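Trainee: Chains as they are written, first to last, in the UniProt record's numbering: chain A, 1 to 397; chain B, 1 to 397; chain C, 1 to 397; chain D, 1 to 397.
Quick caveat, the hints were computed from the structure, so don't treat them as lab data. Just so we're clear, the structure is a prediction, and the values are computed from it rather than from any experiment. Treat the hints loosely; a few may be bogus.
Copies of the same chain look alike in the list, so a pair counts if it fits in one copy or across any two.
[To be verified] Below, computed lysine-lysine pairings styled on DSSO-like, alpha-carbon distance capped at 30 Å: (1) Lys152 / Lys188; (2) Lys152 / Lys227; (3) Lys294 / Lys152; (4) Lys188 / Lys227; (5) Lys188 / Lys294; (6) Lys227 / Lys294.
Protein chains: 4
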Amino acid sequence: MSADQNALPELGVAVVGHSFMGAVHSHAWRSVDHVGTPRFRTRRVALAGRDASRAQAAATQFGWEEGVDDWRSLIERDDVQVIDILTPGDSHAEIAIAALQAGKHVICEKPLAKTVEEAQRMTEAAQAAAAQGVRSMVAFNYRQVPAIGLAKQLVDAGRLGEVRQVRAVYLQDWIVDPDFPLTWRLQKDRSGAGALGDIGSHIIDAAQFITGQRLTGVSGTVETFVKRRPLEATRTGANTGLGAEASSEYGDVTVDDAAVFFGRGDGGALMTFEATRMATGRKNGMRIEVNGSKGSIAFDFESMNELHFFDGSIPAAENGFRRILATEPEHPGVANWWPAGHGLGYDHPFVHELQEFLGAIADGRDPSPSFADGLQVQQVLEAVQRSAENNSQYTEI
Amino acid sequence: MSADQNALPELGVAVVGHSFMGAVHSHAWRSVDHVGTPRFRTRRVALAGRDASRAQAAATQFGWEEGVDDWRSLIERDDVQVIDILTPGDSHAEIAIAALQAGKHVICEKPLAKTVEEAQRMTEAAQAAAAQGVRSMVAFNYRQVPAIGLAKQLVDAGRLGEVRQVRAVYLQDWIVDPDFPLTWRLQKDRSGAGALGDIGSHIIDAAQFITGQRLTGVSGTVETFVKRRPLEATRTGANTGLGAEASSEYGDVTVDDAAVFFGRGDGGALMTFEATRMATGRKNGMRIEVNGSKGSIAFDFESMNELHFFDGSIPAAENGFRRILATEPEHPGVANWWPAGHGLGYDHPFVHELQEFLGAIADGRDPSPSFADGLQVQQVLEAVQRSAENNSQYTEI
Amino acid sequence: MSADQNALPELGVAVVGHSFMGAVHSHAWRSVDHVGTPRFRTRRVALAGRDASRAQAAATQFGWEEGVDDWRSLIERDDVQVIDILTPGDSHAEIAIAALQAGKHVICEKPLAKTVEEAQRMTEAAQAAAAQGVRSMVAFNYRQVPAIGLAKQLVDAGRLGEVRQVRAVYLQDWIVDPDFPLTWRLQKDRSGAGALGDIGSHIIDAAQFITGQRLTGVSGTVETFVKRRPLEATRTGANTGLGAEASSEYGDVTVDDAAVFFGRGDGGALMTFEATRMATGRKNGMRIEVNGSKGSIAFDFESMNELHFFDGSIPAAENGFRRILATEPEHPGVANWWPAGHGLGYDHPFVHELQEFLGAIADGRDPSPSFADGLQVQQVLEAVQRSAENNSQYTEI
Amino acid sequence: MSADQNALPELGVAVVGHSFMGAVHSHAWRSVDHVGTPRFRTRRVALAGRDASRAQAAATQFGWEEGVDDWRSLIERDDVQVIDILTPGDSHAEIAIAALQAGKHVICEKPLAKTVEEAQRMTEAAQAAAAQGVRSMVAFNYRQVPAIGLAKQLVDAGRLGEVRQVRAVYLQDWIVDPDFPLTWRLQKDRSGAGALGDIGSHIIDAAQFITGQRLTGVSGTVETFVKRRPLEATRTGANTGLGAEASSEYGDVTVDDAAVFFGRGDGGALMTFEATRMATGRKNGMRIEVNGSKGSIAFDFESMNELHFFDGSIPAAENGFRRILATEPEHPGVANWWPAGHGLGYDHPFVHELQEFLGAIADGRDPSPSFADGLQVQQVLEAVQRSAENNSQYTEI
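When you get a sec, could you build the whole thing from the sequences and use the hints?
Mentor: In structure tokens form, the structure reads like this:
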């Protein structure tokens, strides 16, 4: 393998953004050449931030050759072929469109954009770029969790029969403290939405991915339990988490704390959703249950290496949900890591995501999920918002 | 205790109905004088069914002095002071009103009635009877599960802070087989509703009971996945379960297989609900989660002796949901049963329910939950139906 | 069924003892004619205790016709055919042998006796009685838990292949408080042994029952962590639990708090055991795991309605332990109770036990487990004690 | 941070071995400069194997500058300051002693050696080297799992009171297939022991680490269920797992498949242990439970991000084991990774281990656990073997 590996083409990568997602993506970029069958020798060329010295510090910390304060300079460089966008949602459209037009492959964090309109323009840019062999991908990382990949395989193989019901919740509690400050994720003009966009987008994508059914309409409502919060104090240093410090001034929370909605899939499934950052005690409870005429699956990201599967073809007297440790080499993405029973963590699926992205670049195909997929999720989010503003009426997508 | 116990007043009881609920209630009536501090010496006078010989067989099997085929005869007897109504929903109103008017204390299975209008008439009869010292109660048995009683205590004591979110689902799969026949529970004119009424009523009541908040409006939808089923073959013998045999003829299913809805509590909580009989692999998944500003609880009837409680006042570094085995003597209803760790089953809460009912009769107070509580649940069910028929619009209760 | 049931022969029953086991057995005796297919019309003739007034109170409370202070009078009565022995271990031999010699069928709580010698005499009496059609049974109630019955069925059907390893623990914490008094269960001359005898006997029996392998030798050790405790204050009233009140005087604990041992089954299995009353936080953690060449099972009485089964014949990529809710009608003892998913409690297996006992009497066969089975468990207990006293040397049974 | 980081001293590292542990350690070496506060700029100088071309391939794959076939050459290089030993147990002593004598810091996989005698020589070499400022560490990676670190903190803080009982099992099933070949791990002359040494050493170390008590004596037995297996076919390519291919020839298995033992800690705790590779369905069931007079903890590596803690000071009516997600920033090693609820995987503790090792080098202190700790574990393993060969007699350590 070594000879091949040294002969691989080089691919220059730059990331824009360096807080939580910067840390995770950087970790994945440092690993991707060393896991499985690499397709490139990647070079971690540069990391861009808003502040030069913080960007340089982050570049060193996360393993990039340089740190810069101007993302535009990156897309002008010949030694950069890939732009990885990790910024708050309000800058995705501008950066992605510029990068694609400059012929750079783009991978962009979710939700794709702040609005449907932005997502639409990004998707058009992606489609135009694709005609030139330039690739783009929206980073719905949970698709790359082995247990979720296995869930999809079971559905695709007909093991659940006709998919009839989905219940998907994403439960966190990181802002249950009313003194948690008004970070960009709590400002509509920065993030586009609250729990609905940030984590609701994950469960919409995951539910559609697993079932193969797209939502055709929704009915929902949203709520902001804590309506004013302290403003955020100025940040210093790299920040790899979701934490922040409060100042003494207050401002209005302009996004939802929680959103609930139900909808119908184009294959007839009845789906329910809840995204909340106020579920005290739940740290990362992204849970998906799918019930079909022949079987069911259940997943909870707090136990991310497990998929619970009920196979209705087994005699009732000895049947039950089985707890599959999704750490077998047959499970999507697992073979290149550790032996069975040696679980993966939050970060490993990001490597799988890059493998999909780089594989697509190498193979000259479009990676999945596409910007168009990101746009469709944005349309669902918007339909939920409209329903919520319209007496929860069922709203077509 | 023995001297007292032999000196207790006698109370004659009759039950109407003898299938699943007949078996469970009879088991409870056989135990109620022997658990804790009895208030009466109960006499199991008679059991009524539609067919005399089947009623007689059931009376012997379940431990009643006689079996009769005419419930009206029971309310005319002087040696009967209590009527326990276990029939399909379409006869609740008629029997309950007649019994109350005859001065008999009434305990009636849930949902209270087939329609709001019936439930209203029953509630009026109950209120008129109460003025004469005649008691009535609707049998929402899950309130009597120790873990649910404990959940309510924690909420009442402020341990969850402000209750913000509830997610309540009741997942069963007993009719996922499309050849399961069209029993009375699948016929709207017999049962009033499908999963929504049968098991949805349980989670509505439980969510309101635990949180102390009543729903003020709902938005929902319903679905029938299997639209035609074989008619039921004629029954023979007692039937203590939910099973049935199919004939070769088919009919239309006139109730929902699944219902989903969300609503608002009068204390501001956002609540989501799902009742389904099509959740393959889930046998009795009545699950309730409540999130408050200071803590959370989670319950699943499939593990009915456990309550999971997150107490937000514990330092984060050592906090987590704790699995309370609700088998301690301090837990509601437990002290008179077995030592800690020796779990109860589905039937024990029915004894607690009778203890509440008989205690109220003895004390000259109204038992809880009342017919008025049953009516309010009926109003929620109807609002869900109306919302479902009206494009899922938010519908006030 | 009614005609048959009324025509059944009457069978007079008397119990000796009325604390925790008295409450549980009485509950079972009240139910046994009303569950499944009864074989007798049982009459609850009398309950015997040491104190007449307490016995009378207990008789009323638990539903027996009379309470007496002399168990000997019971075995002289013609209207008593069954003696149910629930006393501390030091009186089992005397009562059982007298009852058997008087021609009474005997069911006796576990462990069968205080010593191997006593158990031997009881077994001889049982064998002599059996020749006269008089039946005897030792009450290892856990055999009657549906999930454990299912475990045995799976092993018997070869679904685990060759049984290679067993780990059985029984973890309680009811005497972790050093002020818990010196009840009879903590006195060697009353109980014969501590955790080893009381709960160790349960896991020895269960492990042998499930696997079909008998222990041929053991190596073990025992420990008493709290060596002195307050004496017990005089009891008043019935006592349905394990609780007690402390006096101000102290005495020596003469039994073990914990015992650990391993052994070999006659089929080659390597088995480990631990019985402890000092496992803080564990209320009734009777857990058994069996690993075979083709599959495994796992059980925990704290979730008594579940059996976890790993079927090695399923492809690895979708395999895992499945959580079987042992509440299906096919599961041992379940069909006569409630529908699937409606769990049983600690007391229901005692009904199953009586069904086995009464069925054997009716059928003219010996019930299982026999006194000889109880003797064999006693021999294992004694071998553990000998090993513990002999530098943990492996000791043959 | 960047300026500091670029100014850090360089440290040249070489690894010996490149199968499963090679993959894991390399992944950790690639991350260690980028997580938390690095102490060096590490250079991944070389990887050594037995075959030059396979070593070169592995070096490229895992991210090392070169691959060599002679580990001795590495310890002669000036640009190598650290030797990381990942080979089968039969070469640990030779490599480690040579490296230490050459002044290289050494981190060595567990168990430290094949025999006590080897471990003793290694410990002497380590102590001699330490006098020269050369550091050594045995790689018991499970100490670095955040949940296990938290367990130790709770014990150290007295939250469990007096530690009385430990039950530690390590359950795997990777050789339950009788056709799995006779790899080095199944040959006594290569590995020193079977399950006992490989995974038993982990639970011995973890139990002692968490409780702070060292075993003073043990009583045990071992078993080999599958006595002959196919020889291993010649390996080709890198091998990151535990898998292997069978040839058509057979050989004797010379190590145990399973070992069970109990022992006493120097603080009075009674501890039980089981290590097995034949627990069908268990993939990596390293489970540790500790019971103290005031509290208990429970851990299972199959859910490695969870610690279950019972705090006996909480009132019984609301107490239970709490499931702590050990993903909070306060938990050992976590702060530098992801936000709460974003779990770690098998590999992250290896980074923590390197952080301890490198921190000790930088600080001029001895890292923990030391070779002396590894030797003590080896002594326990040997005592178990002796007990097993001596009728399971209790054997002092």
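Trainee: Compare the structure with each hint and give your call.
Mentor: Right, here's what the structure says about each hint:
1. Lys152 / Lys188: neither (33 Å within a copy, 37 Å between copies)
2. Lys152 / Lys227: between (39 Å within a copy, 28 Å between copies)
3. Lys294 / Lys152: Close inside one copy (15 Å) and across copies (28 Å); limit 30 Å.
4. Lys188 / Lys227: within (13 Å within a copy, 44 Å between copies)
5. Lys188 / Lys294: between (42 Å within a copy, 26 Å between copies)
6. Lys227 / Lys294: Cα proximity of lysine 227 and lysine 294: across copies only (17 Å, versus 45 Å in one copy).
Of the numbered hints given earlier, the model fails hint 1 alone.
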